[in-house]
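Residue strings, one per chain:
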Amino acid sequence: DQQVKQNSPSLSVQEGRISILNCDYTNSMFDYFLWYKKYPAEGPTFLISISSIKDKNEDGRFTVFLNKSAKHLSLHIVPSQPGDSAVYFCAASGTGTYKYIFGTGTRLKVLA
Amino acid sequence: DTGVSQDPRHKITKRGQNVTFRCDPISEHNRLYWYRQTLGQGPEFLTYFQNEAQLEKSRLLSDRFSAERPKGSFSTLEIQRTEQGDSAMYLCASSLGGRIDTQYFGPGTRLTVL
Chain D
1448 DQQVKQNSPS LSVQEGRISI LNCDYTNSMF DYFLWYKKYP AEGPTFLISI
1498 SSIKDKNEDG RFTVFLNKSA KHLSLHIVPS QPGDSAVYFC AASGTGTYKY
1548 IFGTGTRLKV LA
Chain R
2 DTGVSQDPRH KITKRGQNVT FRCDPISEHN RLYWYRQTLG QGPEFLTYFQ
52 NEAQLEKSRL LSDRFSAERP KGSFSTLEIQ RTEQGDSAMY LCASSLGGRI
102 DTQYFGPGTR LTVL
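In the order they appear, the protein sequences are chains D and R.
Once you know that position 95 of the first sequence is 1542 in the working numbering, the rest is easy, because the numbers rise by one and skip nothing.
Once you know that position 31 of the second sequence is 32 in the working numbering, the rest is easy, because the numbers rise by one and skip nothing.
Take these hints with a grain of salt, some might be off.
[Said to hold, decoys possible] Calculated pairs, PhoX-like style, for lysine-lysine (alpha carbon to alpha carbon, straight line, at most 25 Å):
| id | chain 1 | residue 1 | chain 2 | residue 2 |
| --- | --- | --- | --- | --- |
| 1 | D | K1556 | D | K1515 |
| 2 | R | K58 | R | K72 |
| 3 | D | K1452 | D | K1546 |
| 4 | R | K15 | D | K1546 |
| 5 | D | K1556 | R | K72 |
| 6 | R | K58 | D | K1452 |
Simulated from the structure, these hints should not be mistaken for laboratory data.
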């Protein structure tokens, strides 16, 4: 029962262009979402969050969009840089619990 | 700011042996989490502590797994009678608490059970 899905296992983007990473969820009780970036042999690094009362949150080159009716969120990185090459995970949690359910990740490769 | 640290970074053991991992959270964080990650998957929640109290445990956490956070600071995760299926990356995270509960991860302990 995969409650958080990242259906694209990999994505390649040219340097300077926009990277769009997608995440779908099935549980309508989820109300808080995080994106993490993970390099090999390191733990996940927090990137950006969004709560269900918003539909957009920006932090520098990173923007997360939330479409609650579609149960879909996306992470936009613009402009993409080679150092952004990593595995990106979305994670969701619901009211009453602080555990996060993670997706399976999308491997982003930014080509120089 | 020293971040979340985990020790050891790598552990190789034989099936049937016991192993213990340590996590030191960010000093002012009162919540501490353990996750497990296998190849091609995202981190899976195992358990979490609010200070020294263990408040939630996953069904993934069999009787062979036990976690403690005796003084509300560092935590240990012990696996008894290890099995090959326990081979994974064990991740620890900590957070300040509150509803906006952003979790910060350590580098993980990679366990290989032979």
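Here's how the hints hold up against the structure:
no. : hint              : result
1   : K1556/D x K1515/D : violated, 28 Å
2   : K58/R x K72/R     : holds, 19 Å
3   : K1452/D x K1546/D : holds, 16 Å
4   : K15/R x K1546/D   : violated, 31 Å
5   : K1556/D x K72/R   : violated, 43 Å
6   : K58/R x K1452/D   : holds, 23 Å
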